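Once you have looked at the hints, place chains B and C on chain A.
Residues per chain are reported as follows:
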Amino acid sequence: MDFAVVIDAAFSAALGPQAIVFALAAIGLNVHFGYTGLLNFGQAGFMAVGGFGLAVSVVTWDLPFWVGLIVAMLATIVLALVLGVPTLRLRADYLAIATIASSEILRLVLGAVEFKGTFGGSNGLTGFARTYKNLNPYGDGVDIGVVSFSKDDLWSITVGWTLVALGCVLIWTLMRSPWGRVLRSIREDEDAVRSLGKNVFAYKMQALVLGGVFGGLAGVFHVLKQASAVPTDFNTTFTFYAYAALLMGGAARVLGPVIGSILFWFLIAGLGSFFSQATGGTDPLIPASIMTDTQASLVRFIVLGLGLMLLMILRPQGIFGDRREIAIDGR
Amino acid sequence: MAADLSAARAALEGVPSEPGVPKPDPIVKGDNITRTFGGLKAVDVEHIEIQRGVITALIGPNGAGKTTLFNLLTGFDEPDDGTWAFNGTALGKVPAYKVARLGMVRTFQLTKVLSKLTVIENMRLGAKGQRGEKFLSAAFKSLWGAQEKANTDRADALLERFKLDAKREDFAGSLSGGQRKLLEMARALMVDPELIMLDEPMAGVNPALKQSLLGHVKSLRDEGRTVLFVEHDMDMVRDISDWVIVMAQGQIVAEGTPQSVMADQRVIDAYLGAHHDSDITEIDIADLEKAAEAELDEGTKP
Amino acid sequence: MTETTQSAEHDNHLAHADGAVLRADDLIAGYLPGVNILNGADLYCQPGELVGIIGPNGAGKSTLLKALFGLVKVHEGSVKLKGEDITNQRADQLVSKGIGFVPQNNNVFPSLTIEENLEMGCYQDPKRFTERFGFVTDLFPRLGERRKQRAGQLSGGERQMVAMGRALMMDPSVLLLDEPSAGLSPVLQDEVFVQTRNINKAGVSVIMVEQNARRCLQICDRGYVLDQGRNAYSGTGKSLADDPKVIELYLGTLGQKED
Numbered sequence: 002m003d004f005a006v007v008i009d010a011a012f013s014a015a016l017g018p019q020a021i022v023f024a025l026a027a028i029g030l031n032v033h034f035g036y037t038g039l040l041n042f043g044q045a046g047f048m049a050v051g052g053f054g055l056a057v058s059v060v061t062w063d064l065p066f067w068v069g070l071i072v073a074m075l076a077t078i079v080l081a082l083v084l085g086v087p088t089l090r091l092r093a094d095y096l097a098i099a100t101i102a103s104s105e106i107l108r109l110v111l112g113a114v115e116f117k118g119t120f121g122g123s124n125g126l127t128g129f130a131r132t133y134k135n136l137n138p139y140g141d142g143v144d145i146g147v148v149s150f151s152k153d154d155l156w157s158i159t160v161g162w163t164l165v166a167l168g169c170v171l172i173w174t175l176m177r178s179p180w181g182r183v184l185r186s187i188r189e190d191e192d193a194v195r196s197l198g199k200n201v202f203a204y205k206m207q208a209l210v211l212g213g214v215f216g217g218l219a220g221v222f223h224v225l226k227q228a229s230a231v232p233t234d235f236n237t238t239f240t241f242y243a244y245a246a247l248l249m250g251g252a253a254r255v256l257g258p259v260i261g262s263i264l265f266w267f268l269i270a271g272l273g274s275f276f277s278q279a280t281g282g283t284d285p286l287i288p289a290s291i292m293t294d295t296q297a298s299l300v301r302f303i304v305l306g307l308g309l310m311l312l313m314i315l316r317p318q319g320i321f322g323d324r325r326e327i328a329i330d331g332r
Numbered sequence: 023m024a025a026d027l028s029a030a031r032a033a034l035e036g037v038p039s040e041p042g043v044p045k046p047d048p049i050v051k052g053d054n055i056t057r058t059f060g061g062l063k064a065v066d067v068e069h070i071e072i073q074r075g076v077i078t079a080l081i082g083p084n085g086a087g088k089t090t091l092f093n094l095l096t097g098f099d100e101p102d103d104g105t106w107a108f109n110g111t112a113l114g115k116v117p118a119y120k121v122a123r124l125g126m127v128r129t130f131q132l133t134k135v136l137s138k139l140t141v142i143e144n145m146r147l148g149a150k151g152q153r154g155e156k157f158l159s160a161a162f163k164s165l166w167g168a169q170e171k172a173n174t175d176r177a178d179a180l181l182e183r184f185k186l187d188a189k190r191e192d193f194a195g196s197l198s199g200g201q202r203k204l205l206e207m208a209r210a211l212m213v214d215p216e217l218i219m220l221d222e223p224m225a226g227v228n229p230a231l232k233q234s235l236l237g238h239v240k241s242l243r244d245e246g247r248t249v250l251f252v253e254h255d256m257d258m259v260r261d262i263s264d265w266v267i268v269m270a271q272g273q274i275v276a277e278g279t280p281q282s283v284m285a286d287q288r289v290i291d292a293y294l295g296a297h298h299d300s301d302i303t304e305i306d307i308a309d310l311e312k313a314a315e316a317e318l319d320e321g322t323k324p
Numbered sequence: 562m563t564e565t566t567q568s569a570e571h572d573n574h575l576a577h578a579d580g581a582v583l584r585a586d587d588l589i590a591g592y593l594p595g596v597n598i599l600n601g602a603d604l605y606c607q608p609g610e611l612v613g614i615i616g617p618n619g620a621g622k623s624t625l626l627k628a629l630f631g632l633v634k635v636h637e638g639s640v641k642l643k644g645e646d647i648t649n650q651r652a653d654q655l656v657s658k659g660i661g662f663v664p665q666n667n668n669v670f671p672s673l674t675i676e677e678n679l680e681m682g683c684y685q686d687p688k689r690f691t692e693r694f695g696f697v698t699d700l701f702p703r704l705g706e707r708r709k710q711r712a713g714q715l716s717g718g719e720r721q722m723v724a725m726g727r728a729l730m731m732d733p734s735v736l737l738l739d740e741p742s743a744g745l746s747p748v749l750q751d752e753v754f755v756q757t758r759n760i761n762k763a764g765v766s767v768i769m770v771e772q773n774a775r776r777c778l779q780i781c782d783r784g785y786v787l788d789q790g791r792n793a794y795s796g797t798g799k800s801l802a803d804d805p806k807v808i809e810l811y812l813g814t815l816g817q818k819e820d
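If you read the sequences in order, they're chains A, B and C.
So the first sequence is residues 2 to 332, counted in this note's numbering.
So the second sequence is residues 23 to 324, counted in this note's numbering.
So the third sequence is residues 562 to 820, counted in this note's numbering.
The set of hints was computed from the structure by calculation and includes no laboratory data.
This structure is a prediction, so every number in the text was calculated from the model and none was measured.
You may find that some hints are simply not true.
Each computed DMTMM-like pair below joins lysine to aspartate or glutamate, with the alpha-carbon atoms no more than 25 Å apart [unchecked claim]:
hint, chain 1, residue 1, chain 2, residue 2
1, C, K806, B, D257
2, B, K156, A, E189
3, B, K150, A, D63
4, B, K189, A, D323
5, B, K189, A, D190
6, B, K150, B, E191
7, C, K709, C, E677
8, B, K115, A, E191
9, C, K709, B, D306
10, C, K762, B, D309
11, B, K150, A, E191
12, C, K762, B, D301
13, C, K799, B, D306
14, C, K762, B, E311
15, C, K799, B, D286
16, C, K709, B, E320
17, B, K120, A, E189
18, C, K806, B, E320
So that you can see chain A by itself, here it is in the shape it has in the complex (with noise of 0.2 Å):
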């Protein structure tokens, strides 16, 4: 068992860009779910349109890179749009059904080998980050012993972080505001904040905006540093772990999305490469009768989903959160 490798995988994708990713996208659940109650269980669809948007612009429609940013934000909003008119009015759970029903299309449709022409089939797309790319200042990858990051994902993180420290400061001055005052009165009572004058229906479908622009942006931020846009990537699965994330760090804080998403990847990838260690080799610490090498990759999910379960029973309101002001109420 080399646990410097352990460490290695564990920091790597714990500061790595697959953190970021997931990072931005549980800011926008954040604003969804930890500060207004909205049920978005489709974040992946807001990813997707994002990324997609960013791709489809530069390599099917040949605009120009910051053109396709643009786009990019434009289309999520656009999303945000229709899911929100016909369901923001309706019980909560309509939003629920309706994030999932969409992200799910979405994903079957930019894959879909009818519109393999736009976007590229199940293969997706490649060949837009090049102005990204082009933008690296770094002459080299890094390497501080206890962690290395290559060239480009040392750009990838430059940006990313900045990325999300920018969102942070931009939640906070929000969340702080008049404006975040009413959503998070809406979490808990809509009826009481009609009952002073506020349009509900308004506010909702903003805080819907702004964290489907997150989730935007975190798809954006996705194919960029991996440099190609595939349908399969913007599952389901995403927008879990983009909950794992958020209720881990606490919901309804501005730093808990992103604490959250670094210690869950930190596990995931710590957890997998002690697994894969203690499996592999002709001497495994763990024996093949116990468990094969094939079955390690699988075990982080069971460890790390019982330790979300014991997080929930024990601390529901995760790492910040404050126990009096929990997002999730059982009751």
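Same frame as chain A, now just chains B and C:
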């Protein structure tokens, strides 16, 4: 100002005690408001007028339709039929939040304080026209900072008036039932309503707090607002209301000053059950059976 | 209500409650700990009696009935069925012991037919179904005619019949009714009162909580007037119906009108 206030009450003196009677200076007028729930007519009000600047009590036995009428008038429920207006502005399809903005604010039977917000935050939420509540200005504190301060000052003054200032930083969820009623009333005042509608303000409040609540309701009228409240506590009704409207089975069966209403046979009937002049042991059973069959046949869905 | 009338009521209760099929002594009960709705209420029902419970809103009428049936926690005091202490026993245990309960709301299963609703009534003893079904449909012929209709499509008056019929399926010795006339038109209210009287005449002891105080007092043998969780007045139905103090309790002191 005092002269104007008691003038409103004096204006009621000549008004006859009839259900749906027109008022000298109505702030709310309504016609033919009906609401049916599963075959039962919960509200069936032919005509209603609420006098401006006085305290009107809305009483009646359980199931009379009082809270349903509240919900209809304030936009929290949609009627089957009917029209009504607040200060001349027609309501009816107007959503609840707009009704509140027009100046008609209600409280709830089961208090709706936001327990995950502090008391002062609850109060700040009530203020009208906050620039900081607009999405585009929210991120820039300089645009709404001064307004927030002014609202906070007003909130603190109200909290002091309602003796909740010591609880300023506590979560509203930690307040007792009576304190929550006070907070909801104070918060409603932040909206600066012309007409404030209280749904069972005394329910669940311990007797010690009742007197002070009564005083607060009176002070609302004394500062020029109109008050409409639903209550079961007859002593309270008699103590502070200038006018009483009695509902039963969805309709207004009587109106008048508290004294005239308490002695009105129709009101006694409403509370104790109608047919004060017939005894069920003496009625014709066969006739009753026929009438009941007919009603049930009518009501049965195909 | 003075202290003396309270203790006079209690003494009266103790003097006459022996042999009662259902009795409650000095009940202190409520839904939440520390918040008591009943503050020492007494009640008894002799076999074959029709007892009414009336009183202004918030007096604790429904709470008293529910306390008899184990639906509300009794903190102090006791409930006895034919001498056996049943305080705080579960409602399903009480059904098997012979108490029937008709709640005010949600008292039928809307997706089941009338016949199925009645079947649910004798769930604890399905063999009785045929015999009891006959009894209930004799009482409410309409239910027999429409046995295959879904309860959710019935009008309020018919639903009330189904609810009462269902409670009768286990042949209870005591029937508890929670505001059976609520939400019904005057004609159907009278129908309910007449039916309740018929059920009582068939040998079932009945304790009913009612909003329609007049009609309730006209059919009951004895009545209780509750106020703020305790007994204010009690007496025969007729004596209470004519008592001005009862009106006073509902509407405040009549004396005010004399100025």
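We went through each hint and held it up to the structure:
1. Distance hint between K806 of chain C and D257 of chain B is fulfilled; the C-alpha atoms sit about 16 Å from each other, no more than 25 Å.
2. With a CA separation close to 20 Å, the supplied pair K156 of chain B and E189 of chain A stays within the 25 Å bound.
3. In summary, the hint linking K150 of chain B to D63 of chain A is not supported, as the alpha carbons are separated by about 49 Å, beyond the 25 Å threshold.
4. For the hint linking K189 of chain B to D323 of chain A, the alpha-carbon distance of about 19 Å falls within 25 Å, and the restraint holds.
5. Proposed proximity of K189 of chain B and D190 of chain A is supported: the alpha carbons are some 21 Å apart, at most 25 Å.
6. The hinted pair formed by K150 of chain B and E191 of chain B meets the criterion: a straight-line CA distance of about 22 Å does not exceed 25 Å.
7. The suggested pairing of K709 of chain C with E677 of chain C holds, with an alpha-carbon distance near 8 Å, which does not exceed 25 Å.
8. For the hint linking K115 of chain B to E191 of chain A, the alpha-carbon distance of about 19 Å falls within 25 Å, and the restraint holds.
9. A distance of roughly 31 Å separates the Cα atoms of K709 of chain C and D306 of chain B; the hinted pair therefore is violated under the 25 Å criterion.
10. Between the alpha carbons of K762 of chain C and D309 of chain B the distance comes to roughly 20 Å, so the proposed pair stays at or under 25 Å and holds.
11. As the CA atoms of K150 of chain B and E191 of chain A are separated by approximately 17 Å, the hinted pair is consistent with the 25 Å bound.
12. This hinted pair checks out: K762 of chain C and D301 of chain B have alpha carbons roughly 18 Å apart, not beyond 25 Å.
13. Restraint check for K799 of chain C and D306 of chain B: satisfied, since their Cα atoms lie roughly 20 Å apart, inside the 25 Å limit.
14. Taking the CA atoms of K762 of chain C and E311 of chain B, the gap is about 18 Å. The hint holds against a cut of 25 Å.
15. For the proposed pair K799 of chain C and D286 of chain B, the alpha carbon gap of about 23 Å is at most 25 Å, so the pair holds.
16. Using a Cα cut-off of 25 Å, the hinted pair K709 of chain C and E320 of chain B holds, with the two alpha carbons roughly 19 Å apart.
17. Under the criterion of a C-alpha separation no larger than 25 Å, the hint pairing K120 of chain B with E189 of chain A is consistent with the structure, at around 20 Å.
18. A distance of roughly 40 Å separates the Cα atoms of K806 of chain C and E320 of chain B; the hinted pair therefore is violated under the 25 Å criterion.
Hint compliance for this structure: hints 3, 9 and 18 are not met, and every other hint is.
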